Amino acid sequence: MPTFPIIDTHLHVFEHGRLQYTGFEGNPLFARDYHVEDYQRDCGALDIEAMVFLECYADFWEGGGQYIKEIEFVEDEAKRDPRLKAIVPMAPLEWGSRVEPMLTEMRDKHPTVKGIRRIVEFDEDPRRLTLSDSFVAGVNLLEKFGWHFEINVNHTQMDIVREFVPRIHSGVPLILDHCGKPGIKEGALDQYRADIKDLARHKNLVIKLSDLPVEADLENWTEADLRPYIEATLETFGPDRTIYGGDYPVCLLATTMTQWVDVLDRAFADLGLSETETRKIYRDNANAFYRLGL
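No gaps in the numbering here: position 28 of the sequence shown is 30 in this note's numbering, and each next residue is one more.
Think of the hints as simulated: they come from the structure by calculation, not from any bench. Accuracy of the hints is not assured; some may be wrong.
[What the hints assert, rightly or not] As a list, the in silico EDC-like pairs of lysine to aspartate or glutamate whose alpha-carbon atoms are at most 16 angstroms apart:
1) LYS187 to ASP227
2) LYS199 to ASP227
3) LYS81 to ASP40
4) LYS81 to GLU39
5) LYS187 to ASP200
Just so you know, these numbers come straight off a predicted model, no measurement behind them.
Starting from the given sequences, assemble the full structure and let the hints guide the process.
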């Protein structure tokens, strides 16, 4: 366990009834509410200095959604745990220039908004959405706000990401959530290495080291299953462009907050990372990327 406080760049909290989450229906783990108090409990002995909230795919529809309502909900959560320092909401970037008034409202009324995530993984046609001129224009608009964009796909969609990233202005920071959800269960290590080698050429892109147990065999994964993907990530992006994330409560599908950190600790030690390099992954890179001012 790190000897210093860490920053968790991937926290979900949600409340059924206050917002609607159709995608959670039928899932026994996500059918209940998760608040900051649940996170505090499940962090155990981890010393968390700050957290970043990531949008929870709350229901949206043609022409609208719960985008601002989710921000307001998280702001209420942060009143009970001020370590929740940053919010990355969803916004319909596929609207292109028409999304600018919504982004302006987020910036002017909700100063803890630091970037945007618009999940494309679950879209009916991820390729068409991601590579559309309007979506690319919406992402490039984030440069005007000084915000970043979070990429959320799975390993079968990484070819789309490899086409998408070169179309984004170098002034828009990008982060690949969950290492692009590599096909660990499928043994797709060669594909993962090729994908991240290509993406690492783009200096505005960093990678979030999170959720790997969920991409392995949920109930029977081992550290040996995860280690090659951790090693490939650090060999390619290095400690300067790798950022830790917990992904609570999604991580509970396969692990605990403390177990995931223990896995990373052992990997970092075996790779010979210095304390300075380890601090970068667990804290310093996140502080800079999310502009937390800590």
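To see whether the hints hold, each was checked on the structure:
Distance hint between LYS187 and ASP227 is fulfilled; the C-alpha atoms sit about 8 angstroms from each other, no more than 16 angstroms. Taken as a hint, the LYS199 and ASP227 pair is broken in the structure, with Cα atoms around 20 angstroms apart against an allowance of 16 angstroms. Using a Cα cut-off of 16 angstroms, the hinted pair LYS81 and ASP40 holds, with the two alpha carbons roughly 15 angstroms apart. Of the supplied pair hints, the one linking LYS81 and GLU39 holds, its CA atoms being roughly 12 angstroms apart against a limit of 16 angstroms.
Distance restraint check for LYS187 and ASP200: the Cα-Cα separation of roughly 22 angstroms exceeds the 16 angstroms cut-off, and the hinted pair is therefore not satisfied.
In the structure shown, a violation is registered for the earlier hints numbered 2, 5, in ascending order.
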